[in-house]
Amino acid sequence: MREAIAAHVHDGDTIAIEGFTHLICFDAAHEIILQKRRDLTLCRLTPDLIADQMIAAGCLRKLVFSWAGNPGAGSLHAFRRAVEKRERPLEIEEYSHFGMVARFAAAAAGLSFWPLRNYSGTDLPRVNPNIREVTCPFTGERVAAVAALRPDVAVIHAQRADAQGNTQMWGIVGVQKEAAFAAQRVIVVVEEIVDESVVRADPNRTVIPGMIVDAVVQEPWGAHPSYVQGFYDRDNDFYVAWESISRDAGRLQAYLDEFVLGVEDRARYLAKHPDLAQRLVAEQRVSAGVNYGY
Amino acid sequence: MICVAAGELHDRDVVFVGMGLPSLACNLARATHAPNLQLIYESGTIGTRPTRMPLSIGDPALVTGTLMVSSMIDVFELFLQRGHIDVGFLGAAQIDRFANINTTVVGAYDKPAVRLPGSGGASEIAAHARRVLVVMTLDRRAFPERVDFITSRGDRVSRVITDKCIFERDVLTGELVLAAIYPGVTVDDVRSQVGWDLQVRALRDVPPPDRQMLDALTRIRG
Numbered sequence: 059m060r061e062a063i064a065a066h067v068h069d070g071d072t073i074a075i076e077g078f079t080h081l082i083c084f085d086a087a088h089e090i091i092l093q094k095r096r097d098l099t100l101c102r103l104t105p106d107l108i109a110d111q112m113i114a115a116g117c118l119r120k121l122v123f124s125w126a127g128n129p130g131a132g133s134l135h136a137f138r139r140a141v142e143k144r145e146r147p148l149e150i151e152e153y154s155h156f157g158m159v160a161r162f163a164a165a166a167a168g169l170s171f172w173p174l175r176n177y178s179g180t181d182l183p184r185v186n187p188n189i190r191e192v193t194c195p196f197t198g199e200r201v202a203a204v205a206a207l208r209p210d211v212a213v214i215h216a217q218r219a220d221a222q223g224n225t226q227m228w229g230i231v232g233v234q235k236e237a238a239f240a241a242q243r244v245i246v247v248v249e250e251i252v253d254e255s256v257v258r259a260d261p262n263r264t265v266i267p268g269m270i271v272d273a274v275v276q277e278p279w280g281a282h283p284s285y286v287q288g289f290y291d292r293d294n295d296f297y298v299a300w301e302s303i304s305r306d307a308g309r310l311q312a313y314l315d316e317f318v319l320g321v322e323d324r325a326r327y328l329a330k331h332p333d334l335a336q337r338l339v340a341e342q343r344v345s346a347g348v349n350y351g352y
Numbered sequence: 103m104i105c106v107a108a109g110e111l112h113d114r115d116v117v118f119v120g121m122g123l124p125s126l127a128c129n130l131a132r133a134t135h136a137p138n139l140q141l142i143y144e145s146g147t148i149g150t151r152p153t154r155m156p157l158s159i160g161d162p163a164l165v166t167g168t169l170m171v172s173s174m175i176d177v178f179e180l181f182l183q184r185g186h187i188d189v190g191f192l193g194a195a196q197i198d199r200f201a202n203i204n205t206t207v208v209g210a211y212d213k214p215a216v217r218l219p220g221s222g223g224a225s226e227i228a229a230h231a232r233r234v235l236v237v238m239t240l241d242r243r244a245f246p247e248r249v250d251f252i253t254s255r256g257d258r259v260s261r262v263i264t265d266k267c268i269f270e271r272d273v274l275t276g277e278l279v280l281a282a283i284y285p286g287v288t289v290d291d292v293r294s295q296v297g298w299d300l301q302v303r304a305l306r307d308v309p310p311p312d313r314q315m316l317d318a319l320t321r322i323r324g
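Protein sequence lines, in the order shown, are assigned to chains U and R.
If you're matching positions, the first sequence starts at 59 in my numbering and goes up one per residue.
If you're matching positions, the second sequence starts at 103 in my numbering and goes up one per residue.
These are computed hints drawn from the structure, not numbers from a lab.
These numbers come from a predicted model, not from an experiment.
Any given hint could be a false lead.
As the list claims (entries may be wrong) - Chain R stretches covered by chain U per the calculated footprint, using a threshold of three residues with CB under 8 Å from any CB of chain U:
1) 107 to 118
2) 153 to 159
3) 311 to 320
Unchecked claim - Derived pair list, reagent style DSS-like, types lysine-lysine, alpha-carbon separation capped at 27 Å:
4) U/K120 with R/K266
5) U/K94 with U/K143
6) U/K330 with U/K94
7) U/K120 with U/K94
8) U/K120 with U/K143
9) U/K143 with R/K213
Beta carbons are placed, not taken as given, at the ideal position from N, Cα and C, and that holds for glycine.
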């Protein structure tokens, strides 16, 4: 992870660390904090705890998002302090989920914008000049348009990939495929590196092809406290605890000092959480597979 | 409130489910009078039957045993924008006289008193579901004459279910009017918690939920 972040994430970059509740690569966010990257623009539908941590650590200049909360558990208080109290300069650019997804889809398709029906009658275009309208050349209908979002780098966590980065993912797949195809560079982080023959045996499960991947990192438990379907459950206790940790800037800093800045790598982070396997390892619910023969 | 909200759903409705109270109400309906309710979560799960109450909108229990997992672009384009959703079920921080919903800020956008999470998928759910239900606690600060920010427009909202009463949107004026109250609640109780001159139409009494529904709710909550 150290080499991948050092090589592909630079000060001032626009970075997408995607994953919709599922497959959020906390390890990449922690490594970015550890390497003291600055002036980043983070793009995420749901900034989640990684944004709160990166804001508190001073990594972010700007946040591009559509829902900034602690899913199911409360608020992102470092984010709120930055916006409500202006404790840190943080620019925000906000959309709805559909708007964010459409921005990634446009860039992934090599287009400059994406049309969608929404936003009329809402205040979102008033505060975000990048939500505009276009006229359909065939019907004359006015529809909303959002600009393509082309991150410098996308970080995608997944269950498994081969050494070339052919990446397989199951469960909630969110906007990861579009974010990867939208980005200039792609870092894939996986629970398991598998042989190419494993990928070829089940090609419909491949979401990201190796040809667009720049770095493959194996990092078991790299998404904790988020989850990986079939590997480990979401650490809901931690998400609930974050409400009180992040409410207090001092406690948040102490958390970063101990669990992010104070650990050199994921192995040492895991050593500080000795009960994860016992609490969170997924039960077996194995799918039978299909016949690809002809 | 949860039982009343669940009662608004019909068997075989296709529901786009918001997190928290809406999710609880939808799963209660599915466990009682609407076993064939099709739940769609914005995280991409279609025909979902969670075996535990999901804490988050992307809970792994939404995936296990569901009919289909689609990408988010497909959820918003093929299911929602294409017009396959009967009911959108939302929560809200503020709702106003014309059912406009605010989940973005309390106060001015540039310097908010409270920064809320924002739209998520609510804005497009409100724009595309044929019928929008809102469930939220009745509170003066949550029911202003005008919301501080319109995150999601109100023209498809049909009912607002609260812990004291039910509001309906009058199709002619577009206003939320009082349609039903719960046992022990008076019209004045409701008026005192609403920031506009609330009109009352054909007021119904809402009976308390029956034993079977309360038992099911206890079971679902675990």
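So, going through the hints one by one against the coordinates:
no., hint, in the structure
1, 107 to 118, "violated (count 0)"
2, 153 to 159, "holds (count 4)"
3, 311 to 320, "violated (count 0)"
4, U/K120 with R/K266, "violated (42 Å)"
5, U/K94 with U/K143, "holds (24 Å)"
6, U/K330 with U/K94, "holds (22 Å)"
7, U/K120 with U/K94, "holds (16 Å)"
8, U/K120 with U/K143, "holds (16 Å)"
9, U/K143 with R/K213, "holds (8 Å)"
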